[in-house]
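These are the residues of each chain, in order.
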Amino acid sequence: MPATLSPITADELATIRRDYRAASLLPKRAYHDPAILAWEQANILRRDWVMVARDEDAPDPGTYTLVELEGESIIVARGRDGALRAFFNVCRHRGTPVAEEACGKVVRFQCPYHAWIYDLDGSLIRAKHTDELEDFSFERFGLAPVRLETWQGFVFLNLDPEAIPLAAQLGDLFEHWDRFDFGALRSAKRVEYDVAANWKFVAENYSECYHCPGVHPQLNKLTPYDLGGDFDPDGAWQGGWMELVETAETMSLGDGSAGAAAHGSTNGRPSMRGITAVDERRVYYYLLWPMAFISIHPDYLLVHRLVPQGPDRTLVICDWLFEPGTIAAPGFDPSDAVAFWDLTNRQDWHVCELQQRGTRSSSWVAGRFTTQEASVHAFDEMVADRYAGDATWSKRIVRATPAPDGAERGAIAGESAAARDRLGARAKATAGG
Amino acid sequence: MPATLSPITADELATIRRDYRAASLLPKRAYHDPAILAWEQANILRRDWVMVARDEDAPDPGTYTLVELEGESIIVARGRDGALRAFFNVCRHRGTPVAEEACGKVVRFQCPYHAWIYDLDGSLIRAKHTDELEDFSFERFGLAPVRLETWQGFVFLNLDPEAIPLAAQLGDLFEHWDRFDFGALRSAKRVEYDVAANWKFVAENYSECYHCPGVHPQLNKLTPYDLGGDFDPDGAWQGGWMELVETAETMSLGDGSAGAAAHGSTNGRPSMRGITAVDERRVYYYLLWPMAFISIHPDYLLVHRLVPQGPDRTLVICDWLFEPGTIAAPGFDPSDAVAFWDLTNRQDWHVCELQQRGTRSSSWVAGRFTTQEASVHAFDEMVADRYAGDATWSKRIVRATPAPDGAERGAIAGESAAARDRLGARAKATAGG
Amino acid sequence: MPATLSPITADELATIRRDYRAASLLPKRAYHDPAILAWEQANILRRDWVMVARDEDAPDPGTYTLVELEGESIIVARGRDGALRAFFNVCRHRGTPVAEEACGKVVRFQCPYHAWIYDLDGSLIRAKHTDELEDFSFERFGLAPVRLETWQGFVFLNLDPEAIPLAAQLGDLFEHWDRFDFGALRSAKRVEYDVAANWKFVAENYSECYHCPGVHPQLNKLTPYDLGGDFDPDGAWQGGWMELVETAETMSLGDGSAGAAAHGSTNGRPSMRGITAVDERRVYYYLLWPMAFISIHPDYLLVHRLVPQGPDRTLVICDWLFEPGTIAAPGFDPSDAVAFWDLTNRQDWHVCELQQRGTRSSSWVAGRFTTQEASVHAFDEMVADRYAGDATWSKRIVRATPAPDGAERGAIAGESAAARDRLGARAKATAGG
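Chains as they are written, first to last, in our numbering: chain A, 326 to 758; chain B, 326 to 758; chain C, 326 to 758.
Simulated from the structure, these hints should not be mistaken for lab results.
Incorrect hints may have been included.
It does not matter which identical chain is meant; a pair holds if it fits inside one copy or across any two.
To be verified - Taking lysine-lysine and the DSS-like style, the derived pairs with C-alpha atoms no more than 25 angstroms apart in a straight line are:
1. K514 <-> K353
2. K353 <-> K453
3. K430 <-> K514
4. K546 <-> K453
5. K514 <-> K453
6. K546 <-> K430
7. K430 <-> K353
8. K546 <-> K353
Excised from the complex, chain A in its bound form:
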C-alpha cells in the first residue's frame, strides 16, 4: 500500500486531531468535493475490506450473487467444493459481463456475446477459434479473482491484492464478538434508501444520539439519549451501547392502541444465540470501517451498508436479520422491528439531507462537537487517520500485528463508564453510539 497524499491539509488534520472539546468537524469540502470522494474511492473503497453480502446470498454449490463495489460488478459464487469465491464479472475476451441476472444457480458461466465459458472457480474452459492465437492460453484467461473473506456470516471483499487480512483490519472486534454466533442469521426484510447526503454525514448521524430527543421521539422513549457508553476499539471500528428502559425489550414500534403490542416489545421473539442477560438490557451500535453499521438488538440484527453514489448522494441498504428458528416459528412477523427502524431511518435521512444542503453554504465552517458528540469526533478521527495514513489503527493494519491478548479484550468488552475513562487520551462521552 503506497503512501498517498492526504486530500486535506495538515492544518485541517490538526483541527480534527484535538481533544473533542477543542476540535472541529471535518472541513466542508470533505463532504462536498467530488475530488475528495474520488480519493476515498481510490484509497478506501479500493484498498480496505468492505462488507458486501451475507453467506446466505450464495448458499449452495453453483449459486451466485452479483455484488456492486466501486462501480465493479463482482460475481460471488460458491464452487462445487463449497468454497465461496469472487471474480470480476467481465469476460476476458471483449469485456462483456458473463452473468446478467442478479443472482441464480448455474453449472458454469457462459458469456452472452461470444459464448466463452468459465467454470465456477473462474477458469476458462471454452473459447472457440483461439487455436491459432499467439501468446494465448486458457490458463491465463480465466476470470480475474477478487479477495474474499467471511466472518459471522458477513462477506467482505477487498479490491487490493496487497491488502492485509480482514482480521487485521477489524482488530479486536473479532474477540469482542466472541460470544456471538451470527453466521446462521437470515434477512427477513431489506429496504434500500436513496439518501441525498454524503456517506460521512450518515456515519456521523449514526454515531450520536444528541439529536434523538428532537428527531426520534419514538426511539428516545425506549433508549433515552444520555444512557449508555462507548467502547475503546483497537481496530477499524467504533461501537457503544444504549440502555433499554425497564419496560422495553427491544427496538420495535407499538402504537399504544388497545390490544396492540407494546412499544418496545419483542412480540415473543426469543433472544439470539450468545445474547447474555446484560445484552438483553442493551442495544449495541457498531460502525465497521468504512461504511457498514451493525446494530445488535436482543432478538435481531439491523445491518446498514452505505454505497456512495456521489459526494452528495448515498445508497443505504438496510437488512433485518433474525435466527432461522425465529423466522420459522408460527406467526413470525418482523413488521414491528421493521416499522421502528424504517421510521427512524427516514427521520435520520431527513436531517442528513438538510445538513448536506446547509453545509454547501459559503458561510459554513466546520462546527464544534458538544459533550454528546465524542463518538462523532472518534469517527471523524478515523477518517482523518485514513486521510493521513498514520493513525493507530491504520499503523496497526500496516504492521498487521496480531490482536492483543484476550484478557485485555475482555476488559474492553465488559467495561463500565468508569473503566472507559481510564482508557486515556481519546476521552469518550457517556452518550450512546
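For this one, chain A is given, so just place chains B and C on it according to the hints.
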C-alpha cells in the same frame, strides 16, 4: 473589492467598446462557457447588490421568507423591533438549515437537527451540552449575517461585506424615481419561467424592440417599436420608454370580441401614485444591474428577476404589482395584464432559446448592432465594464461619490431625443428600451 | 490538415498494429474516456466526410432538411438552380437559427428573431436598420457555407474547408460499386435507436459474425457465420459478404407458421438495379469511415448511421431503402425486412450495452481477436491509423492520388477467398463482415 482578472481578452473588450455602429456583441463564450458564468457568480452575484424580494414578503415582526441567492439559502426576517435583517440559513453547529419552510411566522429559529435556538436577530440563545467546550461562546456562534437594504419596497442583498451602499450602485436612479412611491405595492400574480438561455441573452432581449414587429404583434400594436427614447444613466442601470398609441391606456390583452375589454385597456384601474400625465402615455423599461427588470405601466409594475441556473438556463421570476387600493377594489381582475405579459414573455423566451442553440455553432462569431439596438450595446458595455472592472459606473461605485445634483437629474429624467443626443460619446438610438 | 497528437500512446498503437493473431483491441479508455471522444469529434467528425442524408431529403428547388453534425444544425437546401447546398443554420446577426422546422419548402429563409432574410443560396438579402453600420455589407454576412458532396444518392458533409474530396476519402469504393445505381432508392422505413455503448463497439459488432450463433439465431439460419469473405480496400472503408443458404433469397423474418412467407423470402420483391446473379446469393456489409454502415441485400439497402452522444451513448439511425418501382408496386410491404433487422439490431445493441458496462471494470484489459475477428482488427486498425495520422488510407488521402486503375479494382471486387490471401501482410479471416 480586489481586482479580478477579466474573463474575456483585451481585444474582445475593445471590440465591444466602440461606437455601437462599429461594435460587436459579447464574444460567443460569454454566453456558453461555464467558467464565465462562474466568474460572473463570484464577481457579480457575490459582490453586487441583487434584488431578491419585496418588503411585503416579511411584513410583520416574526415573519420571514427564505431567499435563494447564488445557491445560498438566506433568511430574510423582521425582528421584534420592526427591522428587516438577513442571515445565512445555516446552523453554526453542524450546518443544518434552521428554517425549513419557505416562509412563516416564528418566535425564534430552532435547528431541526440538534435543537440549537437562534433569536430573530440571529443571536444564539440555546445550545445544550456546550458548557465544557474550549474557545466557544454563544456570542460568536450566532447566525452569519448578510447585508440587506430596501428601496421603493424592493429588498436587495449583498454577499460582500465590503460592498458600497446600494445607493452608490444604483446612482441617479434614486432621484430619477423621486416622484414614485412603490413601497406599498403588492404582488397580485407571480409566474416563474424556466428559460433555456443565458441570462445576458434575456437581458439583451429586454433591451430592444427591433424584434417586436415579428415576435410581438400584440405589443407592437400598443407601443410601436420605433416610438420612444432612452435615458442616459449615471449608475448601474439602463432605461427608456415607449409611447402608447392614442387608443391604448396600458399593456393589456383584449381579444377584440364584442363585449370584451379593448386591447390596451386598464379596465378601469387607476394610475399608481406618482404617475404624471406624461407617464400615462408611456411604458418605462428599467434594467437594474445585474439582473432585474422593472417595467412601469400607468396602473401596474411588472418585475422580472433572473436567476442563472447554468450558462444555458435561467429561472425568470415575474411579478405583477398593483396599488393595495386597486387590489382591494371590488371586481379587481389583473388577468388582462397578466395575459398580455405572459404571452409576451413566452414569445421572448422562445427566441432567446433559439438564439442560445444557434450561437453554440462553431461558425458563429459575435454579430453586429443595428441602429435599433444601441440599448443592447449599452447593456453589453455594462457587462464589459464589469468584466474589466474599470468603467464609468463601476469606477463611480468604487469611489462611492454622491449622486450628481437634482437639476442634472431632472434634465435626464425629462429629456427628449434631442437632449439625449447632446449627451455625447455613448450615442443612443431612438428605439425604446 | 495539421498534425494532431494521437490520443493513445505509441505502445498502445503498437499493440493494435500487429498481425491480428497477436494484436489486442483498442485500449479501454478509447471506449470510455470523454477526452478521447472529444479528440474524435475534433479530428474525425470535424475533418472527415460524414454521411448525413439522402438526396431525396431535399428533392425539389426550395426544399430543405435540417441535419445535425457534431452539434451543428446545418441546412441542406436545394436552390432554384437544382443544386444542393449546405449552410450553418445560424443567423449572422444575433446567432438565431433561421430555420426552425426539421424540413420544408421555402422561398427564402427568414430569421424568426429580427427578420433578416437569406436566399436559398445563403446570401443575405434583407437586414433592416443596418444602413449606418461601419464595415458591414450584405455580401459579407451571408449564411456560412458547409462543404457538401453526393454519391449514389448519399449526401456527405465536411466541416473542414481544407479537406480532400469525398472520392479521395472513399478511394476504390467508387469503382467497387460501379455496377450499382443507388441514387434513386427511397427510404420506406426509419427507426432510431438510443444505444448505451461507444460508437466503436457498435462498429466492431458490425464487423464480425463470431457472435451470430449465440446472439442472432434467426440471422445465422440465413447466413451461417462462417461462410463469406472480406474485401481488401484501398480507401476509408471496410467490407465483406456472407453467403445466403440455398433456401434464402434475402434477410427477412418469417415465423414459419402455415401460410406465412418463408424465413428469408423477398416476398416477391425484385432485385435492385445492378444486382448480379452472384450478388443475389450474398449479403454485402460495408462500413464507410467513420460511422456509416451500408448492407446490400438483393432487394434492399440497409443503412445505419451512428451519431455519438457521449463516450457511452450512440444514436443509431437505421433506414430501409428500396427501388421506387418496388415501393410503388401494389401490395408493397417491407415489414418482413424491417422486422428482421429491427430484431437483429436490438440483439446487437443488447450485447454492445453489456460490453460497455463490462469494459468499465478496472480489471479489464483489451482482449484478443479470434480467427473469426480479423475484420474487427481491421476496423480497429483504421481507428489506430486515424489516431496516429500515418496509415495507408490516410496517407493516400493526404496525397489525394487518383484511385488505381479499373483492372486492379475489378480484381478486388470479384475476389475469392484465395485471391484475398494473396493480398498479403494484412491477412483477413474468412468470416463475413
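Cross-check of the supplied hints:
no.: 1; hint: K514 <-> K353; result: neither (35 angstroms within a copy, 39 angstroms between copies)
no.: 2; hint: K353 <-> K453; result: between (55 angstroms within a copy, 23 angstroms between copies)
no.: 3; hint: K430 <-> K514; result: within (22 angstroms within a copy, 42 angstroms between copies)
no.: 4; hint: K546 <-> K453; result: between (66 angstroms within a copy, 19 angstroms between copies)
no.: 5; hint: K514 <-> K453; result: neither (44 angstroms within a copy, 37 angstroms between copies)
no.: 6; hint: K546 <-> K430; result: neither (46 angstroms within a copy, 30 angstroms between copies)
no.: 7; hint: K430 <-> K353; result: neither (46 angstroms within a copy, 31 angstroms between copies)
no.: 8; hint: K546 <-> K353; result: neither (33 angstroms within a copy, 56 angstroms between copies)
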